[in-house]
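Participant: From first to last, the protein sequence lines are chains A and B. Position 17 of the first sequence, counted from 1, bears residue number 50 in our numbering, the numbering being contiguous throughout. Position 126 of the second sequence, counted from 1, bears residue number 143 in our numbering, the numbering being contiguous throughout.
I should point out that these hints are in silico values taken from the structure, not numbers from a laboratory. Please note: incorrect hints may appear among the correct ones.
To be verified - With a Cα cut of at most 16 Å, we get these calculated EDC-like pairs of lysine to aspartate or glutamate:
#, chain 1, residue 1, chain 2, residue 2
1, B, K124, A, E298
2, A, K296, B, E71
3, A, K259, A, D140
4, B, K33, A, D140
5, A, K216, A, E50
6, B, K141, B, D261
7, A, K259, A, E353
8, A, K372, A, E353
9, B, K52, B, E191
10, B, K301, A, D258
11, A, K328, B, E191
12, B, K162, B, D190
13, A, K377, A, E267
14, B, K141, B, E191
15, B, K162, B, E191
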Amino acid sequence: MKIIKRDDLNNWLLSFEECYTVYAPVALDKNNRTLALINEKTDLSPGGQLPLGPIRLFFPECEKLLKYKNGQSSGITKTFSKPLLIFGCSAADVKAIKFSDRFFNTDFVDPNYESRRQNAVTIVYSGYVNNGSSKNSANNSNSSNTEFEALAFSDYDIQVVSLENNECLVKAGSDPGKELIEKFNSKLTSATPDTYNLWNELEVKTREIPKEADIKKAAKLLAHDKVEDEFWDEIGKRCISCGGCTYVCPTCTCFDVYDRGSKNEGVRLRCRDSCLLGGFTREASRHNPRGSDGKRTKRRIEHKLLYDPMRWDGETGCIECGRCDNACPTGIGMYNVVKEMLKKYD
Amino acid sequence: MTETMNKKSAARENFKCGAGGLYDPLQSEIVSMQKLTNSEMFFEIRLPDGLSLEHQNGQFVEVSIFGIGEAPISICSPFTQKNTFELVVRATGSVTDHLHTLKPGAKVGIRGPMGRGFDMNSWKGKDLLIIGGGIGLVPLRSIIKTAIAHRDDYGTITTLYGTRNSSEILFKDEINEWQNRDDMTFDITLDQESEDWNGKVGLITTLIPPLNIDSKNTIAIITGPPIMYKFVINELKKKELTEDNIIVSLERMMKCGIGKCGHCAINQSYCCIEGPVYKLSECKGLTEAL
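All chains should be modelled from the sequences, with the hints used to inform the complete structure.
Facilitator: Okay, structure coming up:
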């Protein structure tokens with residue numbers, strides 16, 4: 034384990050540019066942050082969850098699958114000249130990346146996801162962080178905006194844990210992460226035994242963070258078929274089919290395919306799609322196996338809490354980031370639906 | 018879980034695509050075309066560079082027209098046919114409408130074969146009851162042709178075919194030939210009466226009760242419009258067929274064909290790689306399947 038001064042984070046990240054395409058959270062304005070390429074002047078704004086997670090860099094809103102000209106086509110996969118290094122992931126974000134890795138790499142290995150993900154490095158930023166609501170957050174830990182952000186227990190390459198003073202702990206979570214810490218060490222100092230104790234204390238503190246709602250309990254209710262269709266019809270009535278929940282969800286992987294151009298020359302794109310939209314399952318015959326809002330809202334929740342565990346060794350597809358609850362204009366994100374479900378059936 | 022993984026591996030076998038990866042189609046040639054009905058066209062297609070599709074009966078391909086898109090289409094030629102393969106396309110959307118306007122010699126993109134097909138090896142020695150509704154007869158043609166070519170491998174072969182009216186009957190010449198064979202039965206019923214039809218009229222379910230079925234030694238294969246399945250299955254259960262011996266091929270919207278885009282998901286199963294062919298017993302728990 035190492036220690037870095039918070040003021041040195043930007044320069045430390047810039048040193049990775051020798052080998053990586055470095056993305057980190059930056060402030061767009063007072064209330065908006067995003068992952069962006071960094072430079073010497075970048076005002077880093079890490080801490081707290083970004084509206085769209087880092088999975089966007091591996092599976093973007095829209096990307097080219099192939100280009101074609103006069104009947105000849107070629108696949109398009111390479112996007113970054115150097116592998117990605119993403120700083121500022123949350124503990125939930127790296128779980129989502131692990132989940133998506135397995136999905137895209139099982140059986141048919143998705144070439145587009147793979148080309149972006151290959152050799153990419155994830156750096157979690159957790160601990161006493163600024164919640165990202167103002168600029169200069171990384172230099173501002175003593176302000177009233179400071180929050181405790183959960184530490185990741187696994188699935189990261191490097192984790193930077195911000196302390197209450199002006200220091201951060203730096204720990205490797207994988208072999209590549211270990212090598213990187215050894216190689217890019219100009220800003221790092223060695224940890225002391227106290228530092229290890231501190232890390233353990235922060236892990237305990239992470240476990241004590243109260244859950245918004247008991248997702249696992251809801252998953253059990255669904256597994257035991259306790260939730261009636263009437264419940265979903267009622268939730269469905271509140272769905273306005275905006276697709277916001279699936280758009281921000283870091284484990285949603287559905288997409289549609291579009292051609293853009295003429296018959297002679299153009300590109301084939303894939304763009305994120307949403308199972309909440311009426312046409313998602315509509316077949317060529319016009320038959321629609323999920324022809325109502327109730328069936329579609331049921332699908333979204335059951336996919337994450339019932340079918341993903343069946344498919345992926347018991348693991349739910351909800352990584353409990355709460356993004357869908359923030360995005361949903363009518364209050365039927367995962368946590369809210371689960372709360373209603375538990376109230377009615379638990 | 019292990020069972021699911023095994024099924025998925027079967028889907029990847031023999032899959033072919035262009036040099037640009039899984040989403041890049043192989044530019045293939047339309048060898049011949051034949052209008053079957055007002056809305057259905059038969060296509061014979063050849064892959065480039067002497068490649069053979071090497072499909073299983075019941076699998077499908079994604080047919081691609083650059084500038085318009087891709088559509089999943091069932092293969093109707095038997096797996097034993099090398100060099101070329103055959104499709105029947107109903108004009109029902111932008112890709113399929115455009116396919117109907119093409120001429121032999123034109124190029125189309127092909128990715129596939131995709132999905133899990135019919136496991137005809139496991140049907141050897143059994144009686145086959147083949148039930149097709151409408152365009153559902155298309156993938157079943159590959160089974161009928163294979164069973165005829167290897168006639169000694171199977172017991173009785175009975176095909177029941179129901180379609181809306183006489184103008185929508187597919188493969189008329191072949192059906193004629195099949196009906197004239199004395200080693201199989203092919204029965205047709207139409208939903209609508211018409212002057213040019215003097216055969217049976219009524220739903221396909223009406224053809225099942227009179228059959229003499231050896232329930233322990235019969236495999237029933239059903240393909241048709243979604244509404245048809247539960248009524249046909251009811252009739253078969255009255256004949257005491259078990260759910261392991263009832264095989265269904267399910268229609269779903271399929272965009273990528275390789276288990277990624279999510280449109281074809283039926284509960285936890287991805288129909289494009291674990292289907293479209295399922296035993297009825299495998300549909301237990303797949304509440305969205307039928």
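Participant: Give a verdict on every hint.
Facilitator: Now for the hints, and whether the structure bears them out:
1. K124(B) <-> E298(A): The given pair, whose Cα atoms are some 15 Å apart, holds under the 16 Å limit.
2. K296(A) <-> E71(B): Between K296(A) and E71(B) the Cα gap is close to 29 Å, so the pair fails against 16 Å, i.e. violated.
3. K259(A) <-> D140(A): violated, 33 Å
4. K33(B) <-> D140(A): The hint holds at about 14 Å.
5. K216(A) <-> E50(A): holds, 13 Å
6. K141(B) <-> D261(B): holds, 15 Å
7. K259(A) <-> E353(A): violated, 22 Å
8. K372(A) <-> E353(A): holds, 13 Å
9. K52(B) <-> E191(B): holds, 14 Å
10. K301(B) <-> D258(A): Roughly 14 Å separates the two Cα atoms, so the pair holds.
11. K328(A) <-> E191(B): Not OK: K328(A) and E191(B) at ~42 Å, beyond 16 Å, violated.
12. K162(B) <-> D190(B): holds, 13 Å
13. K377(A) <-> E267(A): Holds - the C-alpha atoms of E267(A) and K377(A) are around 12 Å apart, at most 16 Å.
14. K141(B) <-> E191(B): violated, 23 Å
15. K162(B) <-> E191(B): holds, 10 Å
Of the numbered hints stated above, those contradicted by the structure are hints 2, 3, 7, 11 and 14, listed in ascending order.
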